[in-house]
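From first to last, the protein sequence lines stand for chains C and U.
Under my numbering, the first sequence is numbered contiguously, ending at residue 353.
Under my numbering, the second sequence is numbered contiguously, ending at residue 628.
Just so you know, these hints were derived from the structure itself, not from any lab.
Predicted model only: the values in this text are computed from it and were never measured.
Heads up, a few of these hints could be off.
If we take Cβ atoms under 7 Å as the criterion, some of the chain U residues that face chain C in the derived model are [stated by the list, open to error]:
hint : residue
1    : Asp528
2    : Ile539
3    : Leu541
4    : Leu543
5    : Asp572
6    : Pro573
Yeah, the Cβ is synthetic: ideal placement off N, Cα and C, and Gly gets one too.
Here are the chains, one letter per residue:
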Amino acid sequence: MTAQIELRNIDKYYGSFHALKGVRLTIEKGTFVALVGPSGCGKSTLLRSIAGLETITSGDIAIAGQNMTGVPPRRRDVAMVFQSYALYPHMTVEENLTYSLRLHGVGKAEARLKAGEVAATIGLSQLLGRYPRQLSGGQRQRVAMGRAIIRNPKAFLFDEPLSNLDAALRVQMRKEIRALHDRLGATSVYVTHDQIEAMTMADWVVVMRDGVIEQQGRPLDLYDKPVNRFVAGFIGSPAMNFLPATVTPDGQGLTLDGYGADRIPLASPAAPGQAVIAGMRPEHLRMAQGPASFHLEVGTIESTGSATYLASADGALQLVQSERADLRPGDRVGLEIDPARIHLFDPETSARI
Amino acid sequence: MTRPYTPWLLLLVALALAAVYLFPLYWMYVTSLKGSSEIFANPPTFWPVAPDPGVYPAVWARRNMPVFLSNSVIIAAGVTAITVILGTGCAYVLARYRNVWIDIGLFCVLMLQVLPASVMVTPLFVGFNQVGLLSYPRTAVVLAAAAKAMPFFVVLVRATFMSVPRELEEAALVDGNSRVGAFFTIVLPLARNGILVCAILTFMSSFGEYIYSKSIIQDPNLQPASVGLSGFLGPNSTDWNSIMAYAAIYVTPILAAFVILQRRIVAGLTSGALK
């Protein structure tokens with residue numbers, strides 16, 4: 001595998017605001033990489049730096065082995081899909097698609113042919129003569145995609161491309177983008193704040209916070225082994241429960257602070273008496289059939305038919321289960337969890353123990 | 354459905370003010386058609402008893418109006434050309450960059466708008482004299498009037514540019530265009546309406562430019578129609594119907610152009626470039 005995009009120690013300041021802090025990232029050729037994080041974490045800035053729309057303060061950017069630091073966007077040979085689609089309003093769909101080709105001196109007839117091909121790929125053949133304002137949101141999204149793929153660029157950059165679509169369309173476009181990526185064998189960098197998008201689409205997920213990469217890895221690795229409490233809380237929906245706990249004197253179990261003296265067994269021993277944060281995913285908690293490890297006093301019950309969401313009155317503990325439950329607020333429910341699925345975090349550093 | 358509240362009183366006041374402002378226009382046309390005795394009739398007649406349109410060709414020939422009007426057109430065209438070319442670039446920069454120097458620049462531009470032409474004309478005259486520009490008086494007037502027209506143009510066109518989303522330009526950059534190329538193929542076409550409207554307004558206002566022309570241009574063959582009109586007015590002038598005919602000839606084309614274009618002008622000033 002060769003690196004298609006390499007970021008070495010990228011630093012970016014906006015005035016005195018440190019937006020990117022020593023970011024290092026290697027993106028292999030042909031992979032679909034998602035940059036996720038809460039808003040303001042620097043993921044869009046990083047993407048725009050790769051495109052050349054932001055100048056970085058220090059560090060190096062290489063695309064396909066060539067150093068692109070300081071090179072203007074037009075010579076980087078990357079394509080970008082913007083959140084607002086950024087279709088040129090005064091051009092028809094066909095002109096939008098062929099704009100980059102015309103700039104690169106492709107002949108009219110050839111550009112037309114290519115636009116026809118791309119339009120067929122993304123299902124826009126009927127709409128080539130229309131203007132962007134005459135298209136629906138989903139169609140605009142497709143045109144933006146078409147404008148990117150027509151050039152066969154070294155990398156595709158997506159800046160939250162689905163956030164303006166309704167939920168159903170978003171799920172569909174998610175699949176289409178991923179299918180397109182596979183068909184083209186392209187290298188894609190996809191920015192999103194939606195961890196579901198990142199988890200479902202990407203081969204490699206990069207979680208960012210405050211201009212720093214907190215963790216990167218394969219989606220399920222991030223889910224199974226988050227390196228710190230932030231990543232643990234960010235990946236997975238509904239979010240992981242974090243409960244203050246203390247390791248029992250024998251090091252083999254936990255007692256949850258504020259949930260009585262019930263003992264939860266641990267898969268591997270921990271330092272006896274240590275204060276920890278126990279992370280438990282709502283979908284890993286089960287209602288106990290036999291003796292329970294600990295108890296939940298039900299505060300709210302939400303049922304979607306396929307799943308039931310239970311939460312404590314203070315919202316600190318949530319669980320999801322697929323069986324329906326005949327419960328009422330105030331009921332006490334015994335819970336258990338597979339010891340291997342308990343994550344322990346250091347209360348001071350938030351790092352995984 | 355409830356009917357929206359209509360501020361009838363305010364509308365009435367506005368109409369009354371418009372009438373006050375438009376009455377002289379009406380009076381100009383009416384007076385131009387009256388005979389010399391009817392002009393001074395008391396009470397005045399609101400419609401000429403014996404309209405005499407013959408005064409128009411007479412004034413046209415006698416006052417050498419083709420020369421005056423073509424000078425007006427030359428000056429207005431020059432002012433518009435300079436304002437549009439320089440002002441568009443200026444407005445774009447002011448719209449796209451944000452820092453202290455841009456704010457200072459914008460402040461200075463607005464400051465220019467505050468200074469009245471009658472205050473500026475003397476220093477300008479002295480300056481132009483120093484550099485020998487007074488030998489080309491029309492050019493001098495074009496420069497002075499363009500400087501005067503610039504702030505208005507820049508401020509309005511800047512607003513137009515600000516309505517063009519930045520992402521469009523960025524998309525063009527990533528698509529392989531340069532900054533200059535993106536400006537010409539993306540931003541300019543989208544801002545075209547706003548720029549066109551401001552250019553028309555600039556042309557119209559500089560068509561009536563008076564103060565700089567009056568002070569700087571001495572040769573009657575180079576003077577615009579506004580100065581030509583004032584030359585008509587003497588302390589003993591009684592030739593009111595000719596004066597009004599002159600004024601009517603001068604004003605009517607501009608008025609007609611405005612009426613024809615007013616829909617576009619109003620639309621261009623109030624709406625963004627994109628829809």
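_Does Leu543 (chain U) hold up as a contact with chain C if the rule is Cβ-Cβ below 7 Å?_
6 Å, holds
_chain C contact restraint on Asp528 (chain U) - CB to CB distance below 7 Å_ = It holds, given that the least Cβ distance between Asp528 (chain U) and chain C is near 4 Å, below 7 Å.
*With a cut-off of 7 Å, does the beta carbon of Asp572 (chain U) approach a beta carbon of chain C closely enough for the hint to hold?*
Since the shortest Cβ distance to chain C is 46 Å, the answer is violated.
_Under 7 Å is the threshold here; is the Cβ of Pro573 (chain U) close enough to any Cβ of chain C for the hint to stand?_
Given a least distance of 47 Å, the restraint on Pro573 (chain U) is violated.
*Can Leu541 (chain U) be said to touch chain C, with a Cβ gap under 7 Å?*
10 Å, violated
*asked:* Does the closest beta carbon of chain C sit nearer than 7 Å to the beta carbon of Ile539 (chain U)?
replied: 6 Å, holds
Checked against the numbered hints given earlier, this structure breaks hints 3, 5, 6; the rest are met.
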